[in-house]
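J.: Fit chain B to the given chain A structure using the hints.
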Amino acid sequence: MHGNGHNGTVRIGFYICHCGHNIASIVDVKAVSEYIKSLSGVVISCEYKYMCSDPGQELIQKDIKEHSLNRIIVASCSPLLHEHTFRTAVEKGGLNPYYFQMVNIREDVSWVHTDMKAATEKAKDLSRAAVQRVFHHKSLETKHVKIHPDVLIVGGGIAGIHAALTLANAGKKVYLIERNPTIGGHMAMFDKTFPTLDCAACILTPKMSQVKNHPNIILWTYSEVAKVDGYVGNYKISIRRKPRYVNEELCVGCMDCIEKCVYKEGKTPDEFNVGLSKRKPIYIPFPQATPQIVVIDRETCIEFKSGRCKKTCVEACDRKAIDFKQKEEIKEIEVGTIILTTGYQTFDASRVPFYGYGKYPNVYTSLEVERLVNASGPTGGELILRDGRHPKTVGIIHCVGSRDKNTNRWCSRTCCMYSLKLAHLLKEHTDAEVYNFYIDIRAAGKSYEEFYDKLLDENVHFIRGRVAEVSDWAVRPSEEGKLIIRAEDTLIGIVRRVPVDMVVLAVGMEPQADSQDVRRMFNISCSTEGFFLERHPKLAPVDTFTDGIFIAGACQGPKDIPDSVAQAGAAAAQALILIDSGEIELEPNTAYVVQNECSGCRTCLTICPFTAISRDEAKQKAFINEALCKGCGTCVAACPSGAIKQNLFEDEMIFSEIDGLLKMESPACC
Amino acid sequence: MPTVEQPKENSWEPRIIAFFCNWCTYTAADLAGVSRLRYAPNARIIRVMCSGRVDPQFILDAFSKGADGVLIGGCHPGDCHYMEGNYKALRRMELLKRMMKDMGIEDKRFRLEWISASEGERVKTVINEMTEQVRALGPLGLPKKFAEWDKELESLEHEINAKGDTVHA
Numbered sequence: 006m007h008g009n010g011h012n013g014t015v016r017i018g019f020y021i022c023h024c025g026h027n028i029a030s031i032v033d034v035k036a037v038s039e040y041i042k043s044l045s046g047v048v049i050s051c052e053y054k055y056m057c058s059d060p061g062q063e064l065i066q067k068d069i070k071e072h073s074l075n076r077i078i079v080a081s082c083s084p085l086l087h088e089h090t091f092r093t094a095v096e097k098g099g100l101n102p103y104y105f106q107m108v109n110i111r112e113d114v115s116w117v118h119t120d121m122k123a124a125t126e127k128a129k130d131l132s133r134a135a136v137q138r139v140f141h142h143k144s145l146e147t148k149h150v151k152i153h154p155d156v157l158i159v160g161g162g163i164a165g166i167h168a169a170l171t172l173a174n175a176g177k178k179v180y181l182i183e184r185n186p187t188i189g190g191h192m193a194m195f196d197k198t199f200p201t202l203d204c205a206a207c208i209l210t211p212k213m214s215q216v217k218n219h220p221n222i223i224l225w226t227y228s229e230v231a232k233v234d235g236y237v238g239n240y241k242i243s244i245r246r247k248p249r250y251v252n253e254e255l256c257v258g259c260m261d262c263i264e265k266c267v268y269k270e271g272k273t274p275d276e277f278n279v280g281l282s283k284r285k286p287i288y289i290p291f292p293q294a295t296p297q298i299v300v301i302d303r304e305t306c307i308e309f310k311s312g313r314c315k316k317t318c319v320e321a322c323d324r325k326a327i328d329f330k331q332k333e334e335i336k337e338i339e340v341g342t343i344i345l346t347t348g349y350q351t352f353d354a355s356r357v358p359f360y361g362y363g364k365y366p367n368v369y370t371s372l373e374v375e376r377l378v379n380a381s382g383p384t385g386g387e388l389i390l391r392d393g394r395h396p397k398t399v400g401i402i403h404c405v406g407s408r409d410k411n412t413n414r415w416c417s418r419t420c421c422m423y424s425l426k427l428a429h430l431l432k433e434h435t436d437a438e439v440y441n442f443y444i445d446i447r448a449a450g451k452s453y454e455e456f457y458d459k460l461l462d463e464n465v466h467f468i469r470g471r472v473a474e475v476s477d478w479a480v481r482p483s484e485e486g487k488l489i490i491r492a493e494d495t496l497i498g499i500v501r502r503v504p505v506d507m508v509v510l511a512v513g514m515e516p517q518a519d520s521q522d523v524r525r526m527f528n529i530s531c532s533t534e535g536f537f538l539e540r541h542p543k544l545a546p547v548d549t550f551t552d553g554i555f556i557a558g559a560c561q562g563p564k565d566i567p568d569s570v571a572q573a574g575a576a577a578a579q580a581l582i583l584i585d586s587g588e589i590e591l592e593p594n595t596a597y598v599v600q601n602e603c604s605g606c607r608t609c610l611t612i613c614p615f616t617a618i619s620r621d622e623a624k625q626k627a628f629i630n631e632a633l634c635k636g637c638g639t640c641v642a643a644c645p646s647g648a649i650k651q652n653l654f655e656d657e658m659i660f661s662e663i664d665g666l667l668k669m670e671s672p673a674c675c
Numbered sequence: 190m191p192t193v194e195q196p197k198e199n200s201w202e203p204r205i206i207a208f209f210c211n212w213c214t215y216t217a218a219d220l221a222g223v224s225r226l227r228y229a230p231n232a233r234i235i236r237v238m239c240s241g242r243v244d245p246q247f248i249l250d251a252f253s254k255g256a257d258g259v260l261i262g263g264c265h266p267g268d269c270h271y272m273e274g275n276y277k278a279l280r281r282m283e284l285l286k287r288m289m290k291d292m293g294i295e296d297k298r299f300r301l302e303w304i305s306a307s308e309g310e311r312v313k314t315v316i317n318e319m320t321e322q323v324r325a326l327g328p329l330g331l332p333k334k335f336a337e338w339d340k341e342l343e344s345l346e347h348e349i350n351a352k353g354d355t356v357h358a
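Line by line, the protein sequences give chains A and B.
Residues in the first sequence are numbered consecutively from 6, following the numbering used here.
Residues in the second sequence are numbered consecutively from 190, following the numbering used here.
Calculated directly from the structure, the hints in this document are not laboratory data.
Please note that a few of the clues may not be correct.
Said to hold, decoys possible - Restricting the straight-line Cα-Cα distance to at most 27 Å, the calculated cross-link-like pairs of lysine-lysine (DSSO-like) are: (1) A:LYS247 to A:LYS283; (2) B:LYS254 to A:LYS122; (3) A:LYS668 to B:LYS254; (4) B:LYS286 to A:LYS650; (5) B:LYS313 to A:LYS122; (6) B:LYS254 to A:LYS143; (7) A:LYS668 to B:LYS333; (8) B:LYS313 to A:LYS410; (9) B:LYS334 to A:LYS668; (10) B:LYS290 to A:LYS668; (11) B:LYS286 to A:LYS668; (12) A:LYS668 to B:LYS297; (13) A:LYS325 to A:LYS336; (14) B:LYS297 to A:LYS42; (15) A:LYS668 to B:LYS340; (16) A:LYS543 to A:LYS54; (17) B:LYS313 to A:LYS668; (18) B:LYS313 to A:LYS543; (19) A:LYS650 to B:LYS254; (20) B:LYS286 to B:LYS352; (21) A:LYS283 to A:LYS316.
Claimed, not checked - Computed far set for chain A versus chain B, every beta-carbon distance over 12 Å: (22) ASP68; (23) LYS97; (24) PRO220; (25) PRO383; (26) ALA437; (27) GLU463.
Think of the CB as a built atom: it goes at the ideal place given N, C-alpha and C, for glycine as much as any other residue.
Isolated chain A (complex conformation):
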């Protein structure tokens, strides 16, 4: 007997979905439906082309009423995709949604198997398990939790800035955390943006100052998230505010202190100029840095190193803002939702030694060239090479650290376009001959192909072929004193040697070095490449598997500015949905203690990572705080008396699933 002796009041409706051809072409849905009809408790068993469609859902609702069904099973796709859809449909049909059970015969069966017989048997087994399982289902109440209206945004690049402004303009309070002394991210370092060639600073810096001045945004730069506790709607965050050794309230960014520093010249590679210039131990990253507050680097400051500096900076500051005794500060905040916009890092070009980065001074990365052509860059926008020359020929090598099994397999999506942009800028600044060495030109974006056409008209050269090597080994007089790029021109089938003065490596985009630590802290997942993983690649591109945490920008995968901004807006909208609805429904899959059966042994107390279980010392029984329980079920498996049960995953349900899966009726097995 199915259902382990339950009485006959269980009335099951079983629906198997064709999903067009997705399921029906591999699983004999008719056979499964016929078979399930023969099982005890099943009142209705039928097949339908698309169960998730409106008519499909209405079919269930109609049957619930006409046949007094009290259990519904749909065999279709993954519950992670449509469980909610069908539960809602069942609820609309007048039945408690937790009487519903879903069988995954698409992702787990039809999409992964090719043998129709085996797939059909598997679908039958899985469906039979569900039929046995639903006998034990119960009516449950959906949990609701309130959403704290404040939002935390981690990372102050263009994505973080856009998300912060969107939410702040909608009247929500936003904490924007940036680990560098200024917001702006990579975009602030760029000269122009493709394909419109508008100046990056001109479109970014107004947004940066809006962030600084917005009454709804609390901006903490030079700060990092130290700890994340809580759950959707109720996150408790600790923020570590690193000491700047400058009082933020007092500093006005006059930079007198920088000028008066005992170091007359900078000695430390300037991070903002990617090491192309030097900065002092006391500095502001760049002229439009936001906030305009000085920072002291304790690694290089003489006062911190020896304690015997003349402290000319302190003398120079008439607002007495410099404070060598400043300490790290931990701020505790409460937010309901979190948006991660932690960005990317560029590929380290020294990992491909045959391109000569770090060996030949005139080999640059694309990010360095962004600074070189920038009017506020280390050379004031004049293109002077490391050896003091002006380049007459430039070679741009595409896909450095992208589309390469030896380094990163993925396409970084932005390099083709920024290489075209740099080619244009290099020509504009120097009138040099520019050669692009590419695998494919990927100019898929609005007005991108047109930009490529424009570059062709500007007589920029394109050679299709992956570069084998950059060397200074001249074999002809014309190659003396030049860098020689060797590549096979695959369009004409010859190996070319192109002598150039300057080589630009179009480096790809990578996950941040600490992306694994960050995702662990926020309890989200990463894709194999290390970018943060979205909940669904198409339908939930900014959601994560953790409710209330969203992702946007290049931390999710390589993307350009327009896409980052679009995602940031989407993430802000997702957060707004939660904030404005005020609460979120949670799965009622919490655990509870059957008091009579609890022996008070305390085993469960140490097992629970959320300290949701306590012991009533008077009664000598364990007790689970439903608000703290997250529904993992670990205590249920640990309880030696079997006194703890988990809603939706009760022992009986799982045992009957096992039983259903292993029933010997199906002829294919054994």
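T.: Below, chain B without anything else, positioned relative to chain A:
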């Protein structure tokens, strides 16, 4: 691949019960599906919220009801959606493995794997490997053994009763 994809008529096929955690391995199985990876049809997946929910009794129950292998999939160490459920699973399963040995169930019939949400390829590999591993071991056939043991016990009981009768007589 045809060896795992096309079970021959009337031949024995290993039956594997897989407990996959909702957040990592079940999602990885979904990804394997979306990516149309092909793998052996021998595993039947039961979704649980966390690998920590897998009670050792589930595994013994599966074996006793005819499973030839049991697979548990959880998040990588440090990645558990519930912080440390996977560690709890690991501890239990190590203990269970020792017990299983005493019961005559081979080590290789049971496997605990960490598969993250992005490792669809790993779901395919693990299920294929496990299927072949169990196929090499042959059927476990506990239900049949149970029936035989029951019979043996019955006849023993019979014998004892018969002897008792003679003594009494």
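J.: Hint by hint, say whether it matches the structure.
T.: Now the hints, each set against the structure:
no., hint, verdict
1, A:LYS247 to A:LYS283, "holds (23 Å)"
2, B:LYS254 to A:LYS122, "holds (23 Å)"
3, A:LYS668 to B:LYS254, "holds (8 Å)"
4, B:LYS286 to A:LYS650, "holds (25 Å)"
5, B:LYS313 to A:LYS122, "holds (20 Å)"
6, B:LYS254 to A:LYS143, "holds (26 Å)"
7, A:LYS668 to B:LYS333, "holds (13 Å)"
8, B:LYS313 to A:LYS410, "holds (22 Å)"
9, B:LYS334 to A:LYS668, "holds (16 Å)"
10, B:LYS290 to A:LYS668, "holds (25 Å)"
11, B:LYS286 to A:LYS668, "holds (25 Å)"
12, A:LYS668 to B:LYS297, "holds (23 Å)"
13, A:LYS325 to A:LYS336, "holds (24 Å)"
14, B:LYS297 to A:LYS42, "violated (37 Å)"
15, A:LYS668 to B:LYS340, "holds (21 Å)"
16, A:LYS543 to A:LYS54, "holds (22 Å)"
17, B:LYS313 to A:LYS668, "holds (25 Å)"
18, B:LYS313 to A:LYS543, "holds (23 Å)"
19, A:LYS650 to B:LYS254, "holds (23 Å)"
20, B:LYS286 to B:LYS352, "violated (41 Å)"
21, A:LYS283 to A:LYS316, "holds (20 Å)"
22, ASP68, "holds (25 Å)"
23, LYS97, "holds (25 Å)"
24, PRO220, "holds (37 Å)"
25, PRO383, "holds (40 Å)"
26, ALA437, "holds (43 Å)"
27, GLU463, "holds (41 Å)"
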